[in-house]
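Protein chains: 2
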Amino acid sequence: MSLNVTDRGRLNRFLEHLEESARVELGYPVAFDIDYKPLEPFLGYSLNNVGDPFASGHYRLNSHAFEREVLEFFAEMTQAPDGQWWGYVTNGGTEGNLYGMYLARELFPDGIVYFSRDSHYSVSKNLHFLGMRNIMIRSQPNGEMDYEDLRETVRIRRDATPIIFANIGTTMKEGRDDIGIIQGVLDELVMDKRYIHSDAALCGGYAAFLEPRPAWDFADGADSISISGHKFFASPIPCGIVLAKRGHVDRISHSVAYIGTRDTTISGSRNGFTPMVLWYAIRSLGVDGLRRRLHNAMAVADYAEREFRAAGIEAHRNRAALTVVFPRPAQAVCEKWQLAAAGDIAHIICMPHVTRAQVDALLQDILSERGRAAPGDPK
Amino acid sequence: MSLNVTDRGRLNRFLEHLEESARVELGYPVAFDIDYKPLEPFLGYSLNNVGDPFASGHYRLNSHAFEREVLEFFAEMTQAPDGQWWGYVTNGGTEGNLYGMYLARELFPDGIVYFSRDSHYSVSKNLHFLGMRNIMIRSQPNGEMDYEDLRETVRIRRDATPIIFANIGTTMKEGRDDIGIIQGVLDELVMDKRYIHSDAALCGGYAAFLEPRPAWDFADGADSISISGHKFFASPIPCGIVLAKRGHVDRISHSVAYIGTRDTTISGSRNGFTPMVLWYAIRSLGVDGLRRRLHNAMAVADYAEREFRAAGIEAHRNRAALTVVFPRPAQAVCEKWQLAAAGDIAHIICMPHVTRAQVDALLQDILSERGRAAPGDPK
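Residue numbers (the working numbering), protein chains in the order written: chain G, 1 to 379; chain L, 1001 to 1379.
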């Protein structure tokens, strides 16, 4: 078996296309700077991590041991209660969010989910999927939840357990909901029963390295946390980590025990390669390397914001964010640089592969397109 | 950044462990015979197929074009109505089953799901997840649904739309529910509204090549079909294909449109590497190669059944099945050969990598362990 000449040609052209595309990618929360080549041999085996990473089955081609080390690393990063957490490597942030909301639903069937307007569209989709009551809360201009709106909305529904879906890094502006403030709102309303899920898809990769540390993890009051592996950790294959308080998972595993399994993971067969990828990133960079990598990226974001402003473009970003928001440029620029745009804004995300030279080139393109527009044009 | 000596050693030892484990794997529906090495360069890019494979976004590092070709291939294999189908490459059979059940729930919120006792445990878990009413139906000894029990159970619930979860290859016995017979049962009860999902995780890879062709696909009445990519197609990373009638998907995409998206996929970021894997298998083997590969595997299954029986072991299998069922051997044998066992039976699945020599060696081990048991021992 082998490909014919035409198909081999297609693969080669596709590789060239990817090479070119990767050079002008500034808009999405992906990273290209970690070389995972040493893991290629593992693609030769059908690794399958089906089931609970802490349990064992007869199928030996799994990377559960590596997966557990990855989970332990993230348990530390998220200040999970010692020995009182559980988790697994997912297929991406969405699966982790689904898992968190599933836990919340099983614990509080009467609950109402509150999430901000700046949440990713998949949040509404997930809640519809799970059949959960939900209310969208207003956002502040920086993308963070409007805590006053949250307070007023929960205040008139004190008979229903609040389930807060907190964004630790919104899609467009990298706004971070403050779990500390959210806890304060619920305390004030004496809502003792509550559930807080932290969707840290993007920022979960580095929030632990920020100073001051944002209020986003288990120590701040999260009940479950979802983090993406293909964002800050540059996994070439989408993946993620979900962690939750062990007691919550135990309660739901009882509730599914009548169907004859204690396996609460959402996927059946699970990717055994991506835990190797995360393990490799953690072991080869280490905490210091990851921290340095963040600081370099942050310096580029800082540079981008300054340069844009110096050129007369209204760029802004949240404190210690990798995302720089600015007025939506011409369509040709958005397409060339693969910029995500929403309404009249666009952004770049200064992930670790983004260079100052790329920022300069983008800025040049924006300015040229502006110059090309007839004087007096509205934009 | 690089790994230290200890960690490099661990990776090497893990590779050796996988090499050894792969040599004695006969129990799970995985296959090791396709070499996907030529695709390794694509791991160097963060391929992400987020969203609908038939729509396009700004992120250009995707393999949507390959994914569409894969889907077209499967649409043909499953006799999908011309131009009236939709689908995507999933993270595995479970996601495809979830998707099918989700469609069914949106179309028939009053529906009851019927599935046989021999269904995989994930089916109950999925239905609990989606909050769908469901009833387990008895199985026949060969693992196929007991159609009489189905008839009697549906007969007294004619006010609820029946949603049939059909297994095209059960986990333990490769029993195949006959969608033709199921249709007959529902016709007889004049249940015109109905939904049939075909869980063809294992057999969907080759059912189209069997003669006579089982009643399992769109032409037989399926509304949606889920097929695994890491089983017959030997993908080293779990994946799958879900296909559904276009009209169903359009109706649910309307129902989620109020949340501002027409993206009905369950995952957010989607694996862009696995569509390349499936494309590679299809293009390099072709229909003839896939058919030949099946026939070779079937001949090994045939051989295994005969040899076991000749040695006095009560082996049996369903017609044209790769799965050979026999009395559960000693625990040491199950562990060595990674055999899935349930109650007093075990099985091997003669996937394309399984050789006659492996079957002989397993048989030898079973017989030796029997000889080792004291004479007069119950087993």
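Think of the hints as simulated: they come from the structure by calculation, not from any bench.
Certain hints may be false.
To be verified - Not everything, but these chain G residues come out facing chain L in the computed CB check (under 10 angstroms):
#1 Glu95
#2 His230
#3 Gly272
#4 His295
Bear in mind that the values here come from a model prediction, so they are computed numbers and not experimental data.
Cβ coordinates follow ideal geometry from the N, Cα and C atoms, glycine included.
Results of checking the hints against the structure:
1. The restraint placing Glu95/G at the interface with chain L holds, with a minimum CB-CB distance near 7 angstroms, inside the 10 angstroms limit.
2. Taken as an interface hint, His230/G checks out: its beta carbon lies about 6 angstroms from the nearest beta carbon of chain L, inside 10 angstroms.
3. About 8 angstroms separates the beta-carbon of Gly272/G from the nearest beta-carbon of chain L, less than 10 angstroms, and the hint is met.
4. A hinted interface residue such as His295/G counts as satisfied when its beta carbon comes closer than 10 angstroms to some beta carbon of chain L; here the least separation is about 15 angstroms, so the hint is violated.
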